[in-house]
Structures are given as structure tokens and as C-alpha cells.
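Chemist: Letter by letter, the chains look like this.
2 protein chains.
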Amino acid sequence: MVRPRSVAVIGASDDPTRIGGRPIAYMQRQGFAGAIWPVNPKRDTVQGLSAYAAPADLPEAPDTAIIAVPGSAALDAVEQLGARGCRTAICFTAGFSEVDEAGARAQEALVAAARRHGMRLLGPNCLGLFNQAVGFYPMFSTSFEQGWPIPGTIGIASQSGAYGTHLFALARARGLGTPVCVTTGNEADVSLGEVIGWMAQSEEVQVICAYAEGIRESDRFIAALDLARRNRKPIVLMKVGRSALGTAAAQSHTASIAGDDAVTQAVLDEFGVVRARTTEEMLDIAYAATRRIYPARNTLGVLTVSGGAGVLISDAAEQIGLPMPEMPADAQARLKQLVSFSATRNPVDCTAQALNDMAIVGRFAEETAASGGYASILAFFTQVGGSTTAAPKLKRELAAVRAAHPDRLWVLSVIAPPENIRGYEEDGFIVFEDPSRAVVALDAMGRFGDAFARAAAPAALVALPQVTLPAATPTEAEAKRILAEAGVPAVPEAACADVEAAVAAAKRIGFPVVAKILSPDILHKSEIGGVLLDLGDEAAVRAGFATLLARAAERAPGARIEGVLIAKQIKGAVEIAFGVLRDPVFGPVAMVGLGGVFIEVLKDVAFRRCPFDATEAERLIRSLRGFPLLDGARGRARADVPALARALSNLSGFAAAAGERLLSVDVNPVLVLPEGQGCFAADAVIEVETR
Amino acid sequence: MVRPRSVAVIGASDDPTRIGGRPIAYMQRQGFAGAIWPVNPKRDTVQGLSAYAAPADLPEAPDTAIIAVPGSAALDAVEQLGARGCRTAICFTAGFSEVDEAGARAQEALVAAARRHGMRLLGPNCLGLFNQAVGFYPMFSTSFEQGWPIPGTIGIASQSGAYGTHLFALARARGLGTPVCVTTGNEADVSLGEVIGWMAQSEEVQVICAYAEGIRESDRFIAALDLARRNRKPIVLMKVGRSALGTAAAQSHTASIAGDDAVTQAVLDEFGVVRARTTEEMLDIAYAATRRIYPARNTLGVLTVSGGAGVLISDAAEQIGLPMPEMPADAQARLKQLVSFSATRNPVDCTAQALNDMAIVGRFAEETAASGGYASILAFFTQVGGSTTAAPKLKRELAAVRAAHPDRLWVLSVIAPPENIRGYEEDGFIVFEDPSRAVVALDAMGRFGDAFARAAAPAALVALPQVTLPAATPTEAEAKRILAEAGVPAVPEAACADVEAAVAAAKRIGFPVVAKILSPDILHKSEIGGVLLDLGDEAAVRAGFATLLARAAERAPGARIEGVLIAKQIKGAVEIAFGVLRDPVFGPVAMVGLGGVFIEVLKDVAFRRCPFDATEAERLIRSLRGFPLLDGARGRARADVPALARALSNLSGFAAAAGERLLSVDVNPVLVLPEGQGCFAADAVIEVETR
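Respectively, the protein sequence lines represent chains A and B.
This note's numbering puts the first residue of the first sequence at 1, with every later residue one more than the last.
This note's numbering puts the first residue of the second sequence at 1, with every later residue one more than the last.
Bear in mind the hints are in silico, worked out from the structure with no lab data behind them.
You may find that some hints are simply not true.
When chains are identical, the list treats them as one kind, so a pair holds in a single copy or across two.
[As the list claims (entries may be wrong)] Below, in silico cross-link-like pairs of lysine-lysine (DSS-like), each with a Cα-Cα straight-line distance of 30 Å or less:
#, residue 1, residue 2
1, K525, K507
2, K516, K571
3, K507, K603
4, K336, K393
Using the sequences provided together with the hints, build the complete structure.
Modeler: Right, dumping it as C-alpha cells:
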């Protein structure tokens, strides 16, 4: 479909400005190497090419076909193309699921026909695609009126035709090559995930820019993200509908399943997909990515001629979380010797004075790269980079240092005429006028690098437990038992009918324990003194058992007494909540958050697709804003985060193994004790589909 | 200094590329209308102008002078210029407080000399200024090699010369006019605040772009912000050093007092100064501001040809908090009749189909403006705006609608050649390629509008109390008494020696009350049953008094008993903390935050310069992320926010009246009861400078 030897155009028009005419005109103008076979029963020729009355008349089965006929004629076209042996088609025709229920049914019929013929379908209601390298333009966009795509390595995969071509036009204006663009429209068959997957293994595309309103199917999407990551191809995604307002707009716009944005974000994080906040940011990141340098554990060194710009860059780096380690002391001393007024920590400010002797700038750059050891280096030279007198010398100095350290990501922030910019780019620099935008792009390169490194050293496979769900939603006690079996421990406790059982239970659970009177008739145990804390040894348990029975006899004379509940005494615990929900697209997704206001008021929650290992679970826990509470804030002891991470990972394995009948799990609170003492579910609800 | 009739150049150079030569060359080239008097004892002429040996030889007292001599000669120049009657000077000379202690002392001498002569001084260590309208270029920047400032209305006030000219160059590249730029360097005399204040009342400048690393003096700065707001001149500020990293970099860079960024932010919020996150954002906002339409209570209507772009814009608007109300139902019905597939809520998506009939686009635009009533309208037409066939018709339709609604802020998001952009701008549109950037700029216009509206209806003056601070830091009880007098009530309580006093106190405080045994010998009152809750009437107080005395007699027989403490019983309170700190630049600043994790872990705190009224106090309280806790979250009753706001406002008045000896106030916790029941300080510390 993307690189065919022949293309049929069903509904071909002689008018090069009509939908059925534009692709033919574009392909002829851009020298498409394959055969173009217009199909139009009313004409002998179309735009100078021999026309055919119907697919049956084509000289042979075309590799692909453009369907540009209106409404119900599309179904006919699929049937006839299928019968002629065509195995792929690009369907411009609109009026399907994006309109109403009847349209949705017509779309189902269209896909059914294609499937019958073993035919893959792009669209319907799509703008088409282009492949610049072979002059293939099955697309009816007017964008090409302003210019053609230029060679390069950035692929565009977009659910929206308007957005895809908007992006291509912006890229072209910036001199960025987007050789391939595929728009998926209604995604009746070919989905965004499949397009990304194709790009992930194609030679044409090294950097993937994608636009999504909603992910319709998770398997291909996830497989594509995984493949792209393994092939070290970065994906920058514009996923709209992140706000409530945006989601409402997306739903009124298309029939796409918007899904929960937080869950989608978790999937993107898992595979190192960087989400662009704006289109400009998407192109900034894609541009930087074309250098194909993706440092894991990224660090930033800043070389500047303006102290103020250095501060501004430091602010931006800190805000986005890109570390700027200090220069080594000996290197700082050497730089101070060169320019006594210079700032040498990082930012390294050689000051405007150094510009009088460009060799000094070279020395500063070399120290920053060699001694600083930064993976990314941002050099701020503002208008000096475009100065007719200073720029040539600056260019020579910087190019020499860059050539000596080609493994680094070198970014220049300059204001200069386009020809100077091109010169710096030819020297291997990325060039941004605005240093803040450069910082965002550099940070993204590090995030790609980290993700690629994770893919190279994959996590241990999570061993899934054997899970047999009950026939209906279980009681709290049963839910806790099920989770405990799966490795999510509950607060240890035991109902003890006599004192020997109580002593044995306490020894098993470990001292100190809590003892509570056990009676169906005593609802408020503490009112009769029916709860004893801090029983520290066997003797205390024996005495306590007697005390509770005596108090019950005295203060609740008629009550039936079943014995005493012995439970682990939980002290100094931090309250956590975790659970599992079933996302309509991505299946079971675990969530974790700190209890109380953190979840309820601040929505401070992290998500992850199930299953995942304890390392990943710990990363999730550490990503919470409230994490300091687990880490010794407010004078607390540090909590047993490893135990919590194990329990959360075990929960994720349970959810993955439980199958589709598991609707949700809610464990709240989870009591996390100080380091080495574990964590325990104090309450649990498991919701299952009743069999 | 900014518009002189004559300028002397001390250290004038015949070489137009040297620091002492550039200003002369620039002024000659740009046709400075005033007299240029080079001062150079070694030459008869400088760049074709008659030179003078010394200031004493000048034909008359110059309106201003450029000091471009090195080091200690600057002091001499000031003395001689002062003696000659010159009353302002622009001092390029470096090597002062930015270097070391000796430099700081030299700078003090320089200022002292200027003061003696009644001379105002810009710098030292500054790049100078320019005033394009009169061709006045006392600036040694190399920026002008790439082009001259163009006429316009944006003024640049910058502490950094490099940043100021960087900004001017970027503005010029975007076609934005920056007729005035003043860089303040070390600010030994003229400060950034004074420059902003001048711009706030100048005719040349309508929009102010400022760059600050630290604010050195608050009075002029605040007066300038206030004046600019009253004169409806928006200020966009790049204030670097917002991060810890940035602050460190700023401190290693200059001697400026960085101050607490959160306090600075509070001052900016107070006056509606919009803080730019990036330089690009600063210019985006300044560009939009040149239309001089600043809607209070801003709303956004979006007209689009791409559903996807509509969602993207909705996301951006929600993220920044710019409301997008829905279109009225009748207008939506009319639009649906025009284009049945259109989305009509807002975003209003006329779809690419409508482009076949541009009159439809006009109708959609008219409905959006007239029926939607939005203050700001963003129209997304991507490449259609640059299409050779479609753009002229689009331009006509949009221009007609805009002309019918000239009071709105109209923004076009298009990809088009520069000449098309200029055409749209001439029609009165702001044009942004990237719609996300447009949303940020539009939101800023609304924030300016709100601030200007606040200035037009100023808050009632806060009546300051009479405050007499104690000679030394007071005890907790004394601190509470002082604050209660100032209108920050403490939990009502009274020490009662006998039962009649207890009854009277309980009646005064209001039932229910708490009673506690009062004895210097009983530290843990609850251990002897010395605390009684929920005393609901007189009889209960009488009985309780007797009970407490009996228990004390029985369980703590030797203890000296002073009576009983009767206190208001606080139930269902939300814990708040508020206080005052003394900022080195801005003086007493109040802070408020929710207790516990909100302050300690999340740093969820709001600041405001003292004093302020209760309306402003409530705005502060509502700005807290944890505010839902006061507003009925988690099943609580709503808290008495008005009472809390009054107490906070009263605290701010106390702090403003207390004078410089007040170092800090810390009221923590403040217990806020349900609506109508007030709030009470439960603990308070007032720190004063010992007299």
C-alpha cells in the first residue's frame, strides 16, 4: 500500500482539483514510478492516461487502489477490486461511522467485504497517504499547493488528515523532511498502531511523529511501541483529549474511544513515547531526534556568553528534570585562569569578553565537553552566531570541538540568517533560536535513550500465579484470602477460641499483638474495654485473654463470646491505596496512591498496565508527589517501600492472570510499616463478573 | 537620558567598532537629531565630529553623557561631567560590584559623586539604551550589525544587556517594533523599577517587556507596576532564578538579591504582571498585546476546519484555565442547518467541506462572534490561510466579520507566506502558526484585563490597627493576646478559680465547652481523668467542676489545684497554618497553607504582600491546591472561609502596622470550624527584634 508497483484510482477525475483527480495529478507531477490506472466508466482517458471502465478491465491486479467514489459506491468498489485480486485499498469515501449508526453499519459491511477478499483497507474517511521517495501521492490534500515534502527521516502517522498534513507543512517550512505520511481516518481496518508498527521496521523512517485522538485497539498499538523501542526509533506523540474539555471536544468530533488519559499516559511512559504538549514541541523533538543520538542518563552542560541566559536555561532544565551536574573543580580552575571573570560551575559563562579571542571560546567548549563529560551540550551564542565578523571564527572553533566529541548531542542557540544555521547544521549541530525549546528537546532525547536502554535490558518476566476467581464478588475476608495467596498480605490475625490458641497465634504473628473480644453481640468493643494494645509477650497474651473475658462477662453480661481475635499490632504505618481497574482499551491497569487527601483531593495516583515487576512497581511508587511521606518526611521512619513494591507487583500479576471476569480490585488502606517490617492490606474489595 | 538634545561621549573612539566608538557611529548612521560631543584629549576629531579634550571644554552642559572610559577613570568622568552641569549619565564601565568587594566600594564612590552633583546614573556595567524614534543609540551592542530596531510600541527594560538585545533582535526578526530598550547593569542608581515606571508613563511605549534576575528595591518597582496597571500598560516579565539551580546560577552570575521567588511571584500576581516561561512566550504575549485589547473575564471561542485541532486547542485552554463556554443552543441549531456534519458546541468546527463555500465560513464566524459573545476568538485555518485559491475568499469573509466585532481579540492560526500574514494583520488579526501558543497569549490578555479592571475598582484601604510590640519575643499566651487584639481570635478559654467563674466563662464562650484541671503539678491531665469534653449546659459545667476537683483530690492528692480551665470545644475543624515573614526586598509578606502534608510535603502555600483586604485573603485561600478540604471535600462540612479570610486580612494589617521590629508571625494550627462558626488560633509565635 505504501510502495506499490501499480495503483488503480476508482472514481478517477480528469479535473486535477477534484478529490478523484488530485492524486493522479500529484503522482504524475512527482514522477510516480509505478503504473497509474484510472477507473472511470464515462471516459477513455483521464489526465492523459488510459482509463478503464471497471476494475475487472484492469490489465492486471493492482498492488493497491484509491477509492474516491461517493457513498454506497465504495462497497461496490471494494467488491470489484477484491474480485480482480487487489489486496489493499485507500478509501477516501466519507459518510460512515463518523456520521451516524447507519454509517457505522455501512462501514461494517465495507470491512466485511474487504476481509472476504483478504484485502487490507486504509480509511474510510481518510485523506490518504504519501511516500515521497517513490512519488506515491494517494492523497487529496491541498497542502501540496504550497510545496512538496522533502527527503528526510521523519514519518507522520495521524488519525486526522488535517493534522497530518498540517504537521507536514510545518515541517517543510522548517526544512524538516517527512518522506512518509499516513492518515488513518475511521480506522475500520488499518489502525494507527499498525502504521506506527510499519514505520518501526521501515528503512524510510527513523523518527515517528504520531497524532491520536483515541487508541482503538491495544495489541497492535503496544506491539508497535515495543518494536519501535527495540529498533531505537523514537516516537513523539500528540495525543489530544487530555483535558475534560478536550475529551468532550474529541467525542463530539469522532467516534474514537477516548479512554482514560491517565491510563494512556502510563502506556506511553512504559515504552518511552514522548508526548508533545504542542505541535511546535513535537517538531522540535523530531528535529533533535534526526541526529539519532539518544543518551541514557542524560546530563546537560551549558556554555554561554550571557549569564542571564545561563540562569534562564538552568530554570528550564530544573523544571523539566534534566540534571546539570557541576563541572569538576580542576576544570573550573583552568577556566578561571583563562577568563578570571568567567562563571565555571555549569552554566559555564565565558562572558562576552572571551569573544575578543575566539580561541578562548574553543577552550571553554573543550573543557565543557571533555572534563564536564555531559551527554548534551547547549551553547548559547545569541547574535554572535550571526555576526558577520565574529560568526566565522566561532563556527570554526565550535566545529573543531564538536568533531572531537561526536557522540554528544550538541545544540547551538543562536540568532542568525538561514545560511548560517544551515552551516552549523552541516557541522553536526542542532540549532534552536530559543534555548528553552532546546532544553525540552534535549530532555526528550534522554528520555528516548532511557527507554531504549530499558528495552536492551528487559525486566524479568513476571511469573503469573494460578488464579481461580470465585463465582461472584467475594466478601472482604475472602477477598483478603485470595489476595494473600497472590502475594498481597493482609494484616495477620486469627480468631482464637481459647487462650492456648491465642498464645500460638501471637507467636506465629509476632509480638506485639492486639487482642479484641470476639462476639456477634458486642459492636463497639472499645466501650466495654474490649480492645487491648501492645501485648508484648506470651504472659501478656494470657493475662489479656483473661481480662477481656472478665470485662465482657461484667460489662456485657448477655453477650455470646466466641473468643478473642489476635492481630498484628500496626504502628507507625503510612496509609497507601492500590488497586486494579479494567481499561476498555488496555485491559487490567494497576493504580497506586497515598491514602487520604493525596488521592481524594490531589488525584496523586500512578498507573501501570499489568503485569509488571517489583522494580517497575517501585518506580511507580517513587513517582508519586506524596512519596516523601514514605521516605522519611515529617520525622517518620522510612517505610518498607520494597515490600510495598513486591505487593503491588504481585497484585499486577494476579490481575493479569485473573482474566476478563476480574472487574476491579480495591485495596484501601494498605498499611506500610517501617523498613523491613512489611506492608499489609487492611481492607480489600474484589469485584468479579458473576458467572 | 532617553531623549536628550545633546550627548557627550567620554572616551570617544574614532574606531566605530570599539566600545567608545560604536554609539557615535550608530547615532550618526541613524540620524540622531541632537548634538554629539566626543570627549577625547588625544584627538581633534572623532568619526568626523569635533572632539573636546574634557567635559569642561564642552560648548554647554550636555543633557546626558556616555561614560566609556575604563576602570577608575569613570569616577573622574562623573566628577567632571557633574561640574560641567550634566545631570544624567550612561556608564558602560565595568569592574564594579559585579567583580568583588573593592569593585563594590568603587561603585559606592561613583554613586556618591553622582549624588553630590544631582546626577542620575544608568549602570555602571551596562550596555546602555536606545530610543529608535530619535535615533539615540548610546549602546555598544553588536546587534545592530544585523539590523536596526523598527518602529512600534514595545519597550524593553532589562537588567541584562545581552538579554535585552537578544530580545530586541528576536522581536525584529518577527517584525515587532521595540522603539525603546534600556539595560540597567549594576543598578547603582537607576533601577529596573524606575525604567518600568518611566515606560509606564511614556508615549513611546504601550507594552513593556522586562527581564530581571533580582529586584533590588521594592518601592519604585511596586510604584511602577501600579502605574503601568493604572495606565493599562501590560508588563510581561522574564524573571529568571525561579528554580534552585537557576537561583544558584544567578548568584554566581551577579550580585543581585535573588530573594524568594514565591514572594516575587505574589507581587507580580498582585499587579497582573504576566511572567513569561520562555523568551518565545514573552514575545508571543507582547505581540498579542500590541492590539491593546485586554478583556476582563476572558472567554475563548474557537472556529476550526479541523476537529483534531479543535481538541488540541481545548486541551490547551483547559490547561491554562481559559474558559470556553458552549455556544447558545439556537445558534448551534442554525449552524447545524448550514452544515449538518459540523460540530457546534465550541470548538465550532465548520469542517473542510465548508471551504467549498466560503460564505458559510463567514456565517460560522459571525455566529461565533455575535451569538457566542466570546471576548477572544481563535480561528484555525492552517494551510487554507495560505492557499492561492482559497485564501483570498477566506480573508474577505473573516475581515468582514472582524470589522463588525472590532472589540474582540481575533487570532488566526494559519500556515501562510509572510505577505499573507501581513495582510491578515492589516485586517486586525493577530496571527500565530501554532494554536497552542495563541492560547497562551490570549489567556495573558485576559489576565491583563482582569488586573486593569481591579485597578479601576481598587480594594478598600485596609485600616491598620495600633500596634505596640513587646520589648522582646512574647510568650505563646501573650502572642495570642496580641493577635486577638488585632482581630486574629484564639481559641476562647478562661482559667476559673471557682465554679461560678467557670459557669460565667462557659456562658461567655458558648456551649459545649471543654473543662481541664488546672494545676502546675499535673502534667498529663488525661491520665487522672482531668479532661471533660462536651459540657453542654450550666448544670454540666457545675457537675464537671466538682468531678475534676474530686478526681484530682483522689488521684493526685499532693497537687496544687488552681481551678479549672474552661475552653471552647472545637470539633470538625480543618487545620490551617498562616503567618508573616519579612522579605528582604518586599517587607512583610503573609503566607497561608493547609496544615500537615500540604505545607510540609507539597509546599502548597500562597503568599501576599501585607496588608490586604478580606476579599484578597479569600482569593489567596482559594488558590491553594488543598482548598477542596475547606470546601466540603471528603464529606466534611464547608469550613468558615469568610472568617478565615477576615483573620488572615487582620493578620496582614497587624504585620503592616507593626513596623520593622516584627520579624515573623507563625500561627499554626489555625482551627477553621464549619460555616458560621469562625476560626481560632490554637498556637502562635511572634518573633520581634529585641529592643
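Chemist: Indicate, hint by hint, whether the structure satisfies it.
Modeler: Hints, one by one, checked against the model:
Within a single copy, K525 and K507 get their C-alpha atoms as close as 24 Å, which meets the 30 Å cut-off; across copies the closest is 36 Å, which misses it. For the homomeric pair K516 and K571, the shortest alpha-carbon distances inside one copy (16 Å) and between copies (28 Å) are both at most 30 Å. In this homomeric assembly, K507 and K603 never come within 30 Å of each other (Cα to Cα): the closest approach is 40 Å inside a single copy and 44 Å across copies. Proximity of K336 to K393 under the C-alpha cut-off of 30 Å is restricted to the intra-copy arrangement: shortest distance 22 Å within a copy versus 63 Å between copies.
This entry does not satisfy hint 3, going by the numbered hints stated previously; all others are met.
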